[in-house]
Amino acid sequence: MPNITEIANSAKENAEKLGIKKFDIYGSTVDDTNVQVDQGEPKQVKASNRSGVTVRVWNEDNTMGVTSTTDVDSKGLELALKTAYEASFFGVKENVPDFSPEATAPIPNKHQDKIPQAPVAELIERLLVAEKQLLAAHPAIKGVPYNGLSQRDIDRFYLNSDGAVRTESHSLASVYLYSKTEEEGKKPRSAGAFRINQSLNNLDINGCIKETADKTISHLNYEKIKTGKYRVVFSAEAFLSLLGAFSNLFNAQSILDNQSLSTPEDLGKQIASPLLSVFDDALHPANVGAETFDGEGTPTRQISLIENGVLTSFLHSAGTAKRLNAQPTGNANIGAKVSVSPNFYHVFTTATPEQELSLETAENVIFIDDLQALHAGVKSLQGSFSLPFDGWLVNKGVKTSIESATVAGDFLELLKSIIYVEKEAELTPGGVCPKIWVNELSITGE
Amino acid sequence: MLTSTLLLSNQLPTLQYSSTPERFDETWEAPLATLLGLGRAAGADFIELFLERRNYISCLAEDDSITSISPSLSTGAGVRVFRGKADCYVSTNDLSFSGLKAALEKGLSILGLQLPTAKAFIPEINLELLRDYATKRGKDAWLPVCSSIREMGEVLLDGTAHLKQKASHIQSRRATYFRDWQEVLIAASDGTFARDIRLTQSVGFNLLCADGANRTSIGDRAGNTSDANFLRTWDSQQAAEKIAESAGKMLYADYVESGTYPIIMANHFGGVIFHEACGHLLETTQIERNTTPFADKKGEKIAHESLTAWDEGRSENAFGTIDMDDEGMPAQRTLLIEKGVLKNFLADRTGSARTGHPRTGSGRRQNYTFAAASRMRNTYIDSGEYSNDDLFASVDKGIYCKKMGGGSVGATGQFNFSVDEAYLIENGKITKPLKGAILIGEAKEIMNKISMCSQDLEIAPGFCGSVSGSIYTTVGQPHIKVDSITVGGR
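Just so you know, the sequences run in chain order A and B.
Start counting the first sequence at 3; every next residue gets the next number (our numbering).
Start counting the second sequence at 6; every next residue gets the next number (our numbering).
Quick caveat, the hints were computed from the structure, so don't treat them as lab data.
Zero decoy hints are in this set.
For lysine-lysine, the following PhoX-like pairs were computed, each having C-alpha atoms within a straight-line distance of at most 25 Å: (1) 144(A) / 302(B); (2) 226(A) / 449(B); (3) 454(B) / 303(B).
Generate coordinates for the entire structure from the input sequences, incorporating the hints supplied.
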């Protein structure tokens, strides 16, 4: 497999041969190993070593075309450049994407070392132990139908014909466990947990086992809940998944496309409770997979999205920043139409709440641990959601699992109905966030 | 060229194969047979090689402009190695002999197997004569016939122009199209050697309308396999009329009042109820994981006697149609449920070996980065004996789910899916539009509550995500009545 220098040289040679003067390339290589186990035996090992690049080519009329390919040898790159060149004559005439003005801006040094990968046998052994411990945690736990332990090395690069060249590498290890119960006369119950770190040795597998076991056991005693309006507490993961589903609020490309709940005029408006602040912070210390540049080569950074409930800025590509008179923010994904997406959310509060709330003392609140079916139940352009969830009815610290219920509401109303943002944040794959209390939402049970 | 089957392992680095680089044809037999033999000589019980080449393009029109043309080219291979109950899947972009050999070696070493010593005999695997579904059905000619970039743009812009004419309170209009051309070659140590080409296309609209605080977004798409002329025959005017009408009705709709209701689900994409509530639970993947309540119910009644359901590989031009699955087995028509009685499961090679249910040509995967797993193809509830009037007449107060969104099913058999377009039924009549409904339930319970099936079976294209990635499938049903189901709303 060619390395980045070979890909860069090959791209330049092929571009010259084809008479292409302006181009850029974003690409990555991923070396990945994943193991699964089943009832004390290895189930499947998956390993891959793959590369992919996306090339953009501007023609003489300055319209742009794009092509993605996994074939990164010289012949494959030549074909990709040719195809992108042909596509460029059908590219947009207005607001044509261009190189990021920050593609050559210096990036502060970030410690980027790939961690040596552990042998597959060690991955299997550790996962077998995890499965065994989970099965031993409670007699009702009869299986861990979904599980996986993986390690991954990632190399990324961006280069363009104006001389920009960026590369970075990092390693990730992750584990997920999802256990299921069976008890005579009762419905099966399940729950899971996930952990991620840079290396296998630092991966909190024991914490993942404990969280999976605790959650699964806590769902053994379940009841239907009466339909009505309830005070709701979102876990970090649940709140961030909802925030992510409505990320068009901050997405400058969506706003320019009329595909957002926001408009450019909304900047500076109070859109949430003053208790809520939200940053997008790719370089947050807790982000173990932090990336220092985006698909256009723009350095990533901390962006304030909501401060004390006020909408403060949007996420930009080079193109949207130019159109909205702002700076690129390091959130672009290269493509024929450059899209924008968040990197890593940091949700917190700086305001003093009127009251301190706690699940230990609160009466009859719904604690939502995990929202399901977001692809189906979120109407991101309408602002509404109606979603099944895993959670508990909590009464003075006593948790009763809820069977088959949905939570529904309007996301903008929800943001304004936040009555408490806890202090202690939790790390999730999408960001860090504390528990978020919302005054009243519709719950459908029986 | 390989000149002798009496091959010693130390000769492997010097072999020169001349496989056709632009096409998977008979010239691939020799290198693949050698690799399979090498794997067997190393001690693997079974080896499968899956080679793939893909030529994909998508096109997006927004309002009155083409804003994205995105071609994507990919090649790759997956090597699956079995040793006892354990298996290993290795994928690579490198289709050269040395690249495939490196992937095989990695798979073998992960399973604790070593390549034979330098002077060991490598018995080449005898592959069957290439079963070439592509050549047999003239599929090599498909790609050049497909719409050009210019034509894609013209069709989509015509489409958004129709939307502009037909809809009101428009905030944004989008038309999207993709064409996915895929060539696959499968060789396995049991002698399997098969090639196919798949051509999948889809085109559709997304419309966002807003009037003050009232907003609605609605989408609809058509899909097809096997028809290179598909985009040319798409009736964008009719599609625009249909979606504009739905958006007009839903813009001012009230939110559904949550509760438990009888519902009538429309045909076409309504079939997602069976897909989520039962179809996934009949995959052997679910039996292996012990995540289906139907594992030991074959031959038993698991659904209302009014319900018969099929999963088939070759519905003409349907979105989930395949001539062979991704393990080289010819696709077949599989009766899942007959008058409420469970007849068959959907099995891939591994699922069959681990559960004992016969293979059904259902081993499918998104691409070469995934090992095949048992997956649905074209899945539908068959026509019944009632009329739509019979169904509506049986409901005093309920909900008509005219257009379904997506859904999912969990490890315990709990499923959910959203309704994009719904109406209140009062005394057998549709009275007013409703929005925000999501349906939830338990597979075991709901299958006995599908009590009436109409006679107007229709199928619809969809995308299904599971352990082997996102694949093209069809859902379908006639109008059906569900006696009661929990409807989440406000």
